[in-house]
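A.B. asks: Sequence:
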Amino acid sequence: MSRTITVRLAFGIVILSFLCSLFIASIFSALDPSILSGDTLGIFSYLALFFAQVFLVIPIIALLRKNKMNLYENFRLKAVSKRTLLVSVLLSFGTVMVSSEINIIIEKIIPIPQSFLNLETLLSPESTFSMVLIFLTIVLIAPIGEEMVFRGFLQRYLEEHWGDITRAILVTSLFFAAIHFNPYWAIQIYMMGLLLGYLSWKTKSILPSIVVHVAINGTSMLFMALGENAEKSLLWKDHINPFLLGLGGVAFWYGLKSVQSERVDIS
Numbered sequence: 008m009s010r011t012i013t014v015r016l017a018f019g020i021v022i023l024s025f026l027c028s029l030f031i032a033s034i035f036s037a038l039d040p041s042i043l044s045g046d047t048l049g050i051f052s053y054l055a056l057f058f059a060q061v062f063l064v065i066p067i068i069a070l071l072r073k074n075k076m077n078l079y080e081n082f083r084l085k086a087v088s089k090r091t092l093l094v095s096v097l098l099s100f101g102t103v104m105v106s107s108e109i110n111i112i113i114e115k116i117i118p119i120p121q122s123f124l125n126l127e128t129l130l131s132p133e134s135t136f137s138m139v140l141i142f143l144t145i146v147l148i149a150p151i152g153e154e155m156v157f158r159g160f161l162q163r164y165l166e167e168h169w170g171d172i173t174r175a176i177l178v179t180s181l182f183f184a185a186i187h188f189n190p191y192w193a194i195q196i197y198m199m200g201l202l203l204g205y206l207s208w209k210t211k212s213i214l215p216s217i218v219v220h221v222a223i224n225g226t227s228m229l230f231m232a233l234g235e236n237a238e239k240s241l242l243w244k245d246h247i248n249p250f251l252l253g254l255g256g257v258a259f260w261y262g263l264k265s266v267q268s269e270r271v272d273i274s
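If you want the numbering used here, it's the 1-based position in the sequence shown plus 7.
Rather than coming from a laboratory, the hints here were simulated on the basis of the structure.
Among the clues, some could well be false.
Pairwise CB distance ranges (calculated) [said to hold, decoys possible]:
1. Ala37 <-> Lys89: 41 to 51 Å
2. Ala232 <-> Lys73: 33 to 43 Å
3. Met138 <-> Tyr191: 25 to 35 Å
4. Ala37 <-> Tyr261: 45 to 55 Å
5. Phe142 <-> Thr11: 35 to 45 Å
6. Pro249 <-> Ile68: 40 to 50 Å
7. Pro40 <-> Thr135: 13 to 23 Å
Dumping the calculated DSSO-like pairs for lysine-lysine here, alpha-carbon to alpha-carbon at most 27 Å [claimed, not checked]:
8. Lys264 <-> Lys89
9. Lys73 <-> Lys211
10. Lys89 <-> Lys211
Everything numeric in this text was worked out from a predicted model, so none of it was measured.
Beta carbons are placed, not taken as given, at the ideal position from N, Cα and C, and that holds for glycine.
Taking the hints into account, I'd like the entire structure generated from these sequences.
C.D. replies: Right under this line is the structure:
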């Protein structure tokens with residue numbers, strides 16, 4: 008990989024991928040009159056999100072194919088053992104609980120403007136087709152595409168070129184946080200990027216990080232969709248229920264310890 012792709016080109020193609028994603032999203036969004044009227048979002052807005060995530064990875068695939076590089080290897084799409092996947096699921100539960108509490112604490116220190124919290128419209132599509140699109144986009148396509156681009160391609164290349172795993176994970180996570188365009192969640196997203204980066208490096212595969220990413224996005228979408236019902240089940244005095252948080256902490260600790268001690272099969 009290092010013989011044909013420079014660091015500048017690696018960063019450049021990732022930035023190009025992001026710009027292509029924005030361009031595709033803007034085209035579909037412009038076709039939706041509800042963007043300006045403030046009404047319930049139409050089908051084109053959901054198509055914008057869907058195709059934006061799909062096109063995020065296409066320029067990199069084109070570059071790799073042009074240079075006759077193996078896509079599975081260069082995206083870290085390596086198979087892992089069932090035990091590794093099970094540990095990833097356990098780590099996902101712990102990550103969701105711990106990160107949710109961190110979100111609550113940070114939001115108490117730095118309150119998020121209401122404009123950033125008005126996501127109900129996005130999660131209230133008018134049709135079943137739109138609901139399927141938003142689910143596929145947020146829960147499946149976004150995690151897979153983002154892991155391929157950031158942990159699979161960019162981080163892997165930086166690891167090889169720089170020879171500094173820590174630096175590669177830190178820089179990749181910074182890019183990952185920046186593309187989400189949400190300064191109020193930047194800390195949480197950056198921390199998530201660090202975990203996903205470490206997991207993909209340690210297991211030599213993005214499959215475990217995809218599992219964790221899917222779990223985080225899926226539960227976030229579920230919590231927002233359920234609204235007050237989710238709060239009643241999860242919260243205790245405006246914090247995550249201590250019992251759930253304790254279970255999550257143990258799951259997170261055990262999952263991370265299993266990865267660190269190489270008890271997870273990475274062969």
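A.B. asks: Does lysine 89 sit within 27 Å of lysine 264, going by the straight-line distance between their CA atoms?
C.D. replies: holds, 17 Å
A.B. asks: Given a hinted range of 13 to 23 Å, is it respected by the beta-carbon distance of proline 40 and threonine 135?
C.D. replies: Since proline 40 and threonine 135 have Cβ atoms about 21 Å apart, the given range 13 to 23 Å holds.
A.B. asks: Within a Cα-Cα threshold of 27 Å, do lysine 73 and lysine 211 meet the stated pairing?
C.D. replies: holds, 24 Å
A.B. asks: With respect to the beta-carbon atoms only, verify the hint that methionine 138 and tyrosine 191 lie 25 to 35 Å apart.
C.D. replies: For tyrosine 191 against methionine 138, whose Cβ atoms are near 26 Å apart, the range 25 to 35 Å holds.
A.B. asks: Should the hint that alanine 37 and lysine 89 are 41 to 51 Å apart at their CB atoms be regarded as holding?
C.D. replies: holds, 46 Å
A.B. asks: Between proline 249 and isoleucine 68, does the C-beta distance stay in 40 to 50 Å?
C.D. replies: holds, 46 Å
A.B. asks: Do the beta carbons of phenylalanine 142 and threonine 11 sit within 35 to 45 Å of each other?
C.D. replies: holds, 38 Å
A.B. asks: For the hint 33 to 43 Å, verify it against the beta carbon of alanine 232 and that of lysine 73.
C.D. replies: holds, 41 Å
A.B. asks: Lysine 89 and lysine 211: Cα distance at most 27 Å?
C.D. replies: Holds, at roughly 15 Å.
A.B. asks: Is the distance from the Cβ of alanine 37 to the Cβ of tyrosine 261 consistent with 45 to 55 Å?
C.D. replies: 48 Å Cβ-Cβ, so the 45 to 55 Å window holds.
Consistency with the previously given hints is maintained throughout, with no hint failing.
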